[in-house]
Amino acid sequence: MPSERPVETASPEGKIDRWPPPRRWRLDGRLRPFLPEVVDVVLLFLAFMVGASLSPYFLDVPFLLDSTTLYIEAAIMALGMTFVIISGNIDLSVASILALVATLMAVLHVELNVPMEVAIPIALILGTLLGALNGWLIARLRLPALAVTLATLALYRGLAQILLGDHSLSQFPQWFVGIDRVTVPGTPIPIVLIMFFVLAIVLGLLLHKTVFGRWVYTLGTSEEAARYSGIPVNRVKVAIFALNGLLAAIAGLIMVSRLAVARYDHARGLELDVITAVVLGGTSIYGGRGTIFGSTIAVFLVGFLRTGLGVANVKAESQLAVVGTLLIIAVIASNVIARFSRLRG
Amino acid sequence: MTVSNLRGSQQSSTLAVRLARIREAAIVALLFIIIAAVTAIDPRFLSSFNIRSILLWVPLLTVVAMGEMMVIIIRGIDVSVGAILGFAGIVVGMIFRDNPGFNIYLGTLLGILIGAALGAINGVLIAWVKIPPVITTLGTLSVYRGFVFIVSDGRQIDPNHIPTELIRWSQRGPFGSQLIPWVVVIALAVAALAYLFLRYTKTGRNVYALGSNPDAAALRGIPVSRTQFIVYTTTGALAGLAGILYASRYGFVNPGETGVGFELTVIAAVVLGGTNVFGGSGSVIGTVLGCLLLGTINVALAVLGVAATWQLAIYGIVILLTVIVDAIIQRQIRRLITGE
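Quick mapping for you: the protein sequence lines, in order, are chains Z and P.
Here the numbering used here is used: the first residue of the first sequence is 475, the next is one more, and so on.
Here the numbering used here is used: the first residue of the second sequence is 44, the next is one more, and so on.
Everything labelled a hint here was simulated from the structure, so no lab data went into it.
Please read all numbers here as calculations on a predicted model, not as lab measurements.
Glycine included, C-beta positions come from ideal geometry on N, C-alpha and C.
Any given hint might turn out to be false.
[As the list claims (entries may be wrong)] Quick list of simulated restraints, FRET-style, between CB atoms:
#1 A350(P) / L733(Z): 33 to 43 Å
#2 A259(P) / E698(Z): 38 to 48 Å
#3 R742(Z) / A350(P): 15 to 25 Å
#4 E208(P) / A786(Z): 36 to 46 Å
#5 R655(Z) / G197(P): 27 to 37 Å
Using the sequences and the accompanying hints, generate a full structural model.
Written as structure tokens, this is what we have:
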């Protein structure tokens, strides 16, 4: 029957229509571009249910809120990493920036008697500069982000190790220590969680509502196109990496406050959790796509997973295997989703 | 236009070859300068003990560097080699522990096969599932390391469980020579095989073609995915072999120590040896020299009394400086060729 075969006809605008129109798998039309984020929200609910079924203590709200402080550093770093990966780059050195900033601040305060009020701003500036150095090498010398940040991964942590060796410094003032135990008065909500959400909202506005944010996406979609359309590519890159460094520094301060101690091996390997969360959050590893909302959801997904595994007495080393698997599955899933929406969309 | 382009590309290729020679000569020169300088400060540096410790440090590195070099030539990266080394070491170590008198050659073969299997997983994910190499190997690094702990239950393989015959590989060499132990001979053999493979086999040539221009390689009918798979599997196999050599060299295998961070050392040596981080070029001789140079630096620092805490920072500096200097030189050459 000829009428049932697809026939291609040209519409007046020259567009080719297929008749009958291909049957479309419909999520709500408006949500379709955000399929990865929708999947994340569903997964988050699933994680809750699995966690709750594994242990009766899991759904204890104060416990859950309290447990967020354990991975708040990774969460904050994931916000900056979202910018980096959307722009088509990668930063393997974040955990090392965290360690170097934490170490340097501790050395300044404990060994050189610099007051905390001065040491903290210096630490934040240092983090920004370390990130900016990554960005400068990548942008100015056009080196691969991978090679540069792999080198600084070793270099920054190596410097922290030179500074502190195998010692740990812990003589911090009382007001600085234990930020994770401070809650919003009258509620069990930790103050660091509020800090994270404030940062997420500010950075979300920066990424999604400003020209700078659009530049980040353009850079990730096509760097060449970005150059030809007059975007200051080099400066944007340096800014992205500097922002990432600043967030790593903030995370470093929180970690020192939380653990009340500074060591060179703080956060070793944490870049895995950070990158996993960002990729799981729907940011394309090839650049050009991603949202702060997705990363935020995914951060809690990875965090709850780790908490759940911890509650279920799974050792930290075995958790590593789970997070690594999750990273690979996340990329495969995002590739599948991308192909799916390209075919049907 | 076409003729001048042709000449340009010919010129650049001979220039590239000449440059690689200069690069290798520079490493050798640097090697001699370091040896001379350190010997001048402390004459004990050239003692047979120190030479032995360099010669014992380098083989492990060289074996894995041969694979990592090929990976970087095809524009990839493999950060999971340290974890593969640890996994092969711990599994074979456990077999030795639980079956006293187990044939060490069979054990070595088993180590290589385990490494190859783990490398093949990387290869499948990168070549056919099309996950970027960094992400793949960052993920498998954690998975393999996690399994090292799970399989071994966090327990170390103690020296008394490693066959003495295996440990002797690091103590005695051919004809009972003490200066050049068997592990050095094994590393040299691996390097020689890598040299022949990259120079005279079709797959070896494909490795360079793929690294120089992946699109052109695909258009010319070079099996891109298969070549990638072979390279990552080989790298895994070599890391597996290195796991056995580790057990021989150090006499123990520790789940939290063996091969941790080894990928950085290997990548530092490969980059130092002149392999281009943008892919497409790199030589076996250069990489061997890079390993030797890094090993000499390491022992020299110990002799000069620089604390071991400096090691990591030095690897970082080595990678960073080499990459920067290479990029600047390359840009100058491109300018020279295009005549800008």
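Status of the hints after comparison with the structure:
| no. | hint | result |
| --- | --- | --- |
| 1 | A350(P) / L733(Z): 33 to 43 Å | violated (25 Å) |
| 2 | A259(P) / E698(Z): 38 to 48 Å | violated (19 Å) |
| 3 | R742(Z) / A350(P): 15 to 25 Å | holds (19 Å) |
| 4 | E208(P) / A786(Z): 36 to 46 Å | holds (43 Å) |
| 5 | R655(Z) / G197(P): 27 to 37 Å | holds (31 Å) |
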